[in-house]
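Novice: Residue numbers (this note's numbering), protein chains in the order written: chain A, 1 to 467; chain B, 468 to 656.
Calculated directly from the structure, the hints in this document are not laboratory data. Among the hints, erroneous ones may be present.
[Unchecked claim] Going by beta-carbon spacing under 7 Å, a handful of chain A positions derived as facing chain B: (1) W146; (2) M148; (3) P149; (4) L179; (5) L184; (6) A191; (7) A192; (8) R214; (9) K407.
[Unchecked claim] Listing some non-contacts, in silico: residues in chain A with all C-beta distances to chain B over 10 Å: (10) G39; (11) A47; (12) W62; (13) Y65; (14) F160; (15) R218; (16) P255; (17) P413; (18) S429; (19) E449.
[Said to hold, decoys possible] If you want the footprint, here are the derived chain B segments under chain A, 3+ residues with CB under 8 Å: (20) 479-486; (21) 554-561; (22) 607-621; (23) 638-645.
Built from N, CA and C at the ideal position, the CB exists for glycine as well.
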Amino acid sequence: MAAPNLSRDPLEPLPLLEGKHTDKTINDSLLEHVWRGAGKGWWALFACALSALSLLGIAIVWTLYKGIGVWGNNIPVGWAFGIINFVWWIGIGHAGTLISAILLLFQQKWRTSINRFAEAMTLFAVICALLFPLLHTGRPWFAAYWLMPYPSVQRIWPQFKSPLTWDVFAVSTYFTISLLFWYLGLVPDLAALRDSSKSKTKRMIYGLFAMGWRGSGRHWAEYKWAYLLLAGLSTPLVLSVHTIVSFDFAVSVLPGWHTTIFPPYFVAGAVFSGFAMVLTWMLPAREFLGLKHVVTLKHLDNMAKILLVTGMMVTYGYVMEHFVAWYSGNPYEYSEFFRVRQHGPMAPIYWLMMFCNCIVPQIFWSRRARTNILVLWFASILINVGMWCERFTIVITSLHRDFIPSKWENYSPTWVDVSLFIGTIGLFSTLFLLFLKFVPAVAVTEIKELRHELDHDPTAETAGVTH
Amino acid sequence: MSQVDAHEDSGFVARRFVLAEFATPEALLAGTHKVREAGYKNLDTHTPMPIHGLEAALGLGRPKIPLIVLCGAIAGACIAYAMIYFCNVIDFPINIGNRPMHGPPANIPITFELAILLAGGSSFFGFFTLAKLPQPYHPVFESEDFTRCAVDAYFLSVELPPEGEADKVFAEVQTAGALSAELVTESER
């Protein structure tokens with residue numbers, strides 16, 4: 001894997017598309033994994049994912065049957081796995097929007113190869129995230145009364161001054177917009193699937209979802225704007241969503257939560273964990289789905305650089321939290337950051353977080369590491385673990401030691417908490433594997449456009465592709 | 468009279484198109500310019516990807532989507548703010564610690580989110596409405612070659628007037644650089 005890279009002149013940029021292509025070869029090579037029958041590997045992974053998903057089913061049924069008392073939450077740890085997992089999953093989703101929207105606005109050509117993949121990841125991650133706030137209400141079928149402004153005879157409205165209500169609006173908007181954006185981008189590719197399908201049934205099914213798309217110039221003219229505007233709208237949206245998620249904490253007065261750095265630090269953390277998740281899935285997918293010509297070492301190199309940058313932003317957030325805890329002279333803040341987190345019962349998780357989020361990404365200063373598949377894959381998994389530990393530290397460690405020692409209580413999750421968490425990983429994996437089976441993992445239309453642009457860009461031909 | 472007409476003729480007039488294939492996007496672009504300059508107005512192109520400059524070649528006006536999205540955003544913001552105001556100030560005011568019933572800063576997040584939601588929704592649904600999609604049938608689908616439209620073929624379609632001559636159009640697209648051209652006729656369903 002590293003061999004072609006090392007023989008290269010280090011000053012010459014890596015290519016965005018490998019090999020000579022025509023529209024036809026791009027089309028065929030990117031749709032090939034949809035037409036190819038599911039292999040043994042896919043079925044094995046799918047079986048694992050389904051068994052984790054059934055665990056989710058059991059945990060949900062048990063939670064609904066017995067009530068949320070079966071979770072490990074106690075007083076003072078009133079928020080625990082539910083919110084940790086919610087924030088973790090939402091954060092993972094954010095990289096998808098960053099790649100598809102923000103990098104589109106910045107005209108980063110390399111995003112084209114990974115945006116469809118990352119957008120799908122966003123959708124599935126948000127579905128997983130949404131499960132937790134729904135379940136934590138205990139009786140989700142009543143949740144409409146207090147989550148949404150539903151005009152019931154009780155005339156009780158949601159508390160619009162609460163960040164938790166803002167969260168309901170933010171996350172549901174985020175899910176809806178991500179879905180629309182993803183589908184709009186998918187329509188021309190569904191038409192490509194329809195037009196290259198061999199059997200009549202497949203042609204019918206993909207044709208149904210392609211909605212009669214005929215690549216009309218009149219349509220493209222409006223389509224480009226609709227797509228660009230959705231990207232433009234998603235950009236402030238993604239920042240607002242994680243800002244509002246961080247308000248859930250920052251607006252309270254608990255030591256460890258009550259800080260102004262939370263919104264930017266949460267957004268950076270979200271992008272950090274999301275890019276790690278994209279890599280965790282992209283590395284095996286490009287290997288097994290035959291996507292190496294569109295997801296090149298250049299893409300991996302760029303993603304690793306983003307991990308390095310966002311990792312340092314997260315580190316800066318940690319440093320500032322500690323600095324302010326010390327500088328403010330507030331004894332509760334000081335105790336939280338310098339005693340409880342570092343030496344308390346949850347200290348191993350704190351140190352694991354520091355290792356995974358601050359130290360591990362530093363390896364990406366090395367170009368060798370940025371283009372080494374194994375290093376990237378293990379680092380991305382460690383970062384996912386680290387970001388989960390960060391949310392654990394913020395939620396549990398802050399809650400379990402607050403102002404009065406008589407209120408202190410330790411926390412341990414129950415089997416239901418753990419099953420819900422593993423179960424959502426199962427749900428995510430199931431959805432993702434189905435996505436990889438039925439929909440092209442790379443935006444075919446956009447790659448065709450990119451290929452065309454690169455072929456007509458004189459600088460691209462002589463000096464490889466910049467960006 | 469209308470009854471007799473209805474019996475003799477269902478009123479169906481098949482739309483006819485000349486569908487011309489071009490080798491490359493550049494050829495299509497140049498060809499579209501030529502055909503439009505020759506005076507043909509009912510033109511459309513069918514390509515697997517958006518092509519820069521085709522809007523001008525087809526003589527399309529400004530896109531309508533941006534205005535629709537702006538209206539959606541304004542509507543979303545107004546609806547959200549009015550909803551919060553109605554719930555907290557008009558319908559069920561609750562005095563909590565003597566805080567004002569109408570607290571504008573706390574209303575910003577939801578107002579913003581709903582503005583985005585309606586703007587994004589109007590972008591998506593606005594596009595499909597303008598494009599008249601979903602549209603399962605279109606006469607161009609009659610062509611066998613059209614199954615390459617979303618794959619790697621670049622088509623120009625010229626809609627013929629009801630009594631128009633196809634031959635003239637064939638000659639026109641040929642001089643404009645088309646690889647091949649065929650006549651497609653809408654089928655009655």
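Novice: Compare the structure with each hint and give your call.
Specialist: How the hints compare with the structure:
no. : hint    : result
1   : W146    : violated (12 Å)
2   : M148    : violated (11 Å)
3   : P149    : holds (6 Å)
4   : L179    : violated (9 Å)
5   : L184    : holds (6 Å)
6   : A191    : holds (4 Å)
7   : A192    : holds (4 Å)
8   : R214    : holds (5 Å)
9   : K407    : violated (24 Å)
10  : G39     : holds (25 Å)
11  : A47     : holds (34 Å)
12  : W62     : holds (33 Å)
13  : Y65     : holds (34 Å)
14  : F160    : violated (5 Å)
15  : R218    : violated (6 Å)
16  : P255    : holds (23 Å)
17  : P413    : holds (31 Å)
18  : S429    : holds (28 Å)
19  : E449    : violated (4 Å)
20  : 479-486 : violated (count 0)
21  : 554-561 : holds (count 4)
22  : 607-621 : holds (count 9)
23  : 638-645 : violated (count 0)
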